[in-house]
Amino acid sequence: MEPTDTRQPDYYHRVVDCQWACPAHTDVPEYIRLIAQGRFGDAYLSNRASNVFPGILGRVCDRPCEPACRRGRVEDKPVAICRLKRVAADHREDVADRLPTPPAIKNGKRIACIGAGPASLTVANDLLPLGYAVTIFEQWGLSGGLMRSNIPAFRLPADVLDEEIGYILGMGADLRLETPVTSLKALLHDGGFDAVFVGSGAPKAKDLRVPGRDDSERIHSGIDWLQSVAFGHVKKIGERVLIIGVGNTAMDCCRSSLRLGAKQVSVMARKSREFFKASEWELEDAESEGVRIVVNHSPKSFVIEDGKLTGMRFDVLEYDLVDGQIVAERKVESVVVPCDDVILAIGQENAFPWIERDVGIEFDKWQVPKIDPVTFQSTRPQVFFGGDAALGPKNIIWAVEHGHQAAISIHRFCNGLAVQDRPARGVTLSSRKMGIHEWSYKNDYNPAERRLVPHVALAERFRQIKIEVELGFSPEQTALEVQRCLNCDIQTVFTAPLCIECDACIDICPVDCLTMTANGTEAELSANTKAPRRDPDRPLYVSAPLKQTGRVMLKDEDLCVHCGLCAERCPTAAWDMQKSTVHIPHASTDGIPCEPQATRQSA
Amino acid sequence: MTSITKPKIAHPSLPRNELGLTRRDYEGGMSTLCAGCGHDSITAAITEAVWGLSLRPENLVKLSGIGCSSKTTAYFVSGAHGFNGVHGRMPSIATGANAANHSLTYIGVSGDGDSLSIGLGQLAHAIRRNVNMLYVIENNGVYGLTKGQFSASADVGTKSKKGDANVQTPVDPALLALSLGAGFVARGFSGDKKQLVPLIQAGLRHPGFALIDVMSPCVTFNDHEGSTKSYAYTREHYHAAVEADYVPRAETIAVDYAEGEALVVPLHDGSEVRLRKLELEFDTADRAKAYSYIDAKLAEGEYVTGLIHEVEAPEHELHAVNRTAAAPLNTMPFERLNPGRATLAKLMARYR
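Just so you know, the protein sequences line up as chains P and F, in that order. The first sequence maps to residues 1 to 603 in the numbering used here. The second sequence maps to residues 1001 to 1352 in the numbering used here.
Don't take every hint at face value.
Have a look at the derived ranges for each label pair, beta carbon to beta carbon [unchecked claim]:
#	chain 1	residue 1	chain 2	residue 2	range
1	P	PRO100	F	SER1003	37 to 47 Å
2	P	ILE436	F	ASP1164	48 to 58 Å
3	P	GLY550	F	ASP1164	26 to 36 Å
4	P	PRO497	F	GLY1079	39 to 49 Å
5	P	ILE436	F	LEU1145	49 to 59 Å
6	P	VAL316	F	GLU1018	48 to 58 Å
Capping the alpha-carbon separation at 30 Å, the derived lysine-lysine pairs in DSSO-like fashion look like this [unchecked claim]:
#	chain 1	residue 1	chain 2	residue 2
7	P	LYS300	P	LYS263
8	P	LYS204	P	LYS433
9	F	LYS1006	P	LYS77
10	P	LYS77	P	LYS235
11	P	LYS547	F	LYS1289
12	P	LYS466	P	LYS204
13	F	LYS1297	P	LYS579
14	F	LYS1297	P	LYS547
15	F	LYS1297	P	LYS433
16	F	LYS1006	F	LYS1147
17	P	LYS277	P	LYS236
18	F	LYS1194	P	LYS530
19	F	LYS1008	P	LYS530
Simulated from the structure, these hints should not be mistaken for laboratory data. Note that the coordinates shown come from a computational prediction; the quantities given were computed from them, not determined experimentally. All C-beta atoms in this analysis are idealised placements derived from N, C-alpha and C, irrespective of residue type, glycine included.
Turn these sequences into a full structure, and let the hints steer you where they fit.
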C-alpha cells in the first residue's frame, strides 16, 4: 500500500469518531477537556461554534456521536457526550459579550428565512455577523419550530429555548411571528430579498387511513396534538390512551399523555423491539414512567360505538426473521384494545402548498423539491432549502448542519461566486509533549463506568407538565464522566525516518494496534496485524518504508485508546502525541473578501 | 521511567491459550528501562512464548542477578515465582531451587556483565551441572547501569559513545556454552520476535541447560555509529542459519512438512521443534561443526542466529547425576526430609 497521506484532513478527523459522526462536527474531546478544567463558558462556545444550540442539544439531541464513541468499542458504554454538553450549557458563565456581533454597517444584502426552526436560525446565526439583513417569517406565535412545538417542556424547558434563540435574535434578526408565507412567488417578486432560505420543516403528519378514522374527535395526529399541548390549547386527555407508532414523537406523545391525566398508556408497535425507531434512552424513559410498549400489533380499524371511540382493532402478527430481516409475516389473531383516545405518531413529511409550481423550483414525483445535497440550492438559484424541508425528517443537529451549509452557499451566491466550490476543511497538529514523560493532556485510562443522569422522582414529575425530568450531572458525576473520554483528538503521529525499529511501541500497546511488517496489498497487511483487524472500514495507517529493514509501520485505528504509551516508550520520538484540530468551514471562515462597504459619504 | 500506567483494557479478540488466558495475563510490572531498550522486546518475547506454551504462571520460576537485564524478570508473568539474587550469583540460586523442586519451569535472565564478567564462573558450572533451565543472556556489549563502559562481550574495534575503540577480545556466550558442553545453544536478536519466540519456547522445553544469547541493543549507550551492537549494525550483520519453529503437542500431527527441508527435534512432552536449515553445511546436531561454523562467521563479522546446537536427549542432567528424589522437597513429609537423630549419628559415625 502507499503510505497514508495524513495531510488529508479527513484522516485524523475520522479517528475522532464522535466528531466525525456529528453532522455539525462538534469538537467533542476539546469541549470535554474544557469541562474537565471547569471552563464551562469556553466549552459552551466551542460547542456553539458548530452546533449553535448546546443547551437545547445537550437535552434532546439524537446523539449520533454516542454510538460512534470509541469508549463504546473498548468497553460497553460510550461517554455520556450529550449530557456533558448540557453540563457546559447549564454551568456556563455569561457568554453574551463573547458571541459573534453583527457589523455596524451592513453589506446591503437581504435574506428571507421561512420558518423559525433550527435550520433558519442557524442560517441567521451564520449570516448576521457577516452584515446580512435576515428576516425570519414564522407562521405561529412562537419561535423555535419543532424544538418548541413537538418536544415537550418536561424534556426541553422553554427558558433554555428562549435564551439560545435570543442570542441569534439579539444579533439583529428580524423575526416576524404569526406571519405565514402563503406565496413564494409573491415573496420572491415583492420581498426584495437577495436569497430565500426555506426551513419550514416537515409539518404534515402521516395519516392512518383505516375504517373509523373520520368518525371520532378523539383520534389525534401526533405532531399537531403535541403542538396544541405546547401552546396550551390542550390540557387533558382520556384515561386510556393508545399511541400508534414507536418513533421519538410517539415517546413524547405517551409521556405527555401521562402528564395530562392518562392512567393507562400503551404504545402500539407493528414490529418487534429491534425495529423501533425511537432512541433506546427515550424508550427507557417512557417505560420507567409506566408506559406499556406492545409489539407485533398492526392497526386495522377504530371501534366506534354510538359515535364514541371505544377501542381499536389490531391484527397480532408473527414474523420470520433471517439475519435480522423480516422474510415472512403471519396473522395470529385479531384483538380489540379498549381506549378513550388514540394518537397517531407514524411519521411526518414536508409539504409545500405555498410554493407555486411555476416559480422555477422543480419537484419530484413525491412533490418534494429537488435539492442539491451539498449546496442545498434548489433549481431556482436564489432559493435554498434546509432542515426537514430539504431532505425529509431527520433531527435538530442535521437541521443545524444544513443551515451551516446553506449559509455558506448563500454567502457565495450573494458574492457572485460558484456555489458548488466549497471551502476546504483543514487540519492542524500540535505536539502535546512537554518534556520527558510529560504530556499536556491527561492520558491515564480511567476505568470508571458511564454515569447515570439523576431524574426527578416519578410522583413529582407528573404534577405539572413543565417539570424537567432530567436533572443533569452532579459535579462529582461530571468529574468522573469527563475522565472517561479517551482524547481521540490527541493523535499518534508517526515520523517514519526517525524509527529504529526497536519494537518498543508494539510491545507496550495495550490494545495491540501496531504492527511492523513487510509492505503488501491491504488484504496482506490486514492479515498480518498483531491483533485481528475487526472492522475493515476503520482507517489503517501505513507508514513510509522504515530505514533499517524497509518494512512499514501499521496502525489499526479501531481500538487505540490514545494512552500515549507508544510515544512514551519511543526512544527517538518517531511516535508523538499531537492534538489535531479539524477546521470545519462556516460562512464566516470562507475567506470571501469583504466588498467595499458603502460609507455614509458615498451613499 | 514511564509515567503512564498501562491500561488494563485489551483487544477483545485476543487469542486464548489452553488455559483460557490471553497474552495480557502473562504481563508483569511496567518497565523502568530506557524507552527503546532491546530488553523490553525480549520481555515481550518471553511473555508471548510462555503464553504460547500454556504454562501456568505459578509453575514458572524467574531468576536474575544484577543489571538492566536482571530487572526484566519483574516485567513478565507477575504470577510466577521470582528471585533477584546478588550480582552474578543467579546460577547458584537456580541450581539450588532446581535441586529442591524440579517440577517447575526455570527461566534465568541475565546480561553480559552479570554472566560474562562477575558471574562467568557461576554460568560455566551451571552449564557443566546441566541444570534444567532456560538461561537468557540479554547481550548489549556495555554496562548500561553504570553508564556504558565496555563489557566482556564488546567486540574488538567497537566504539564507545565517546569514540574510544575496544581492544580486548570478547567472550562469545554461544562459543562458551558450546565449549562447555551445553545441550541447547541458540542466538537471537531482540528485534526479531518471529525467530526469538520459538527459540524461547524450545529452550523452555529442552530437558537440560538451554542457553540463548540474545543481541539486545542498548539504546542509550550503545546505539551509535561505530558500535557493533547497535540496532542498525545488528540488523545488517545477523545471519539466520537455522529457522526454528516450536510446534505444540496438539498440532504436531496436523502440520505437514516436506522431508529433507525440516529437521524435527521431538521434545519429551509430545511437542517438537522443527528446524529449517537456511545454510546447507550447517548441522545443529554436530557440536564441533556448529562451533567452527559460528566461529568462522564471527571472524567475518557475522553473528549466526537461530538454533545453533541441540542435543535431543542430554545426559548428565543435574538430578540424574545426583540421583535425587523424584518428588519436590516441599511435598515430602517431615520424617523423610529429616531422618532423625539416630540416622544422623550413624551417618556421622562413618566419618570418624
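**Item:** Hint check against the structure, violated hint numbers in rising order
**Value:** Per hint list: 2, 5, 8, 10, 11, 13, 15 violated.
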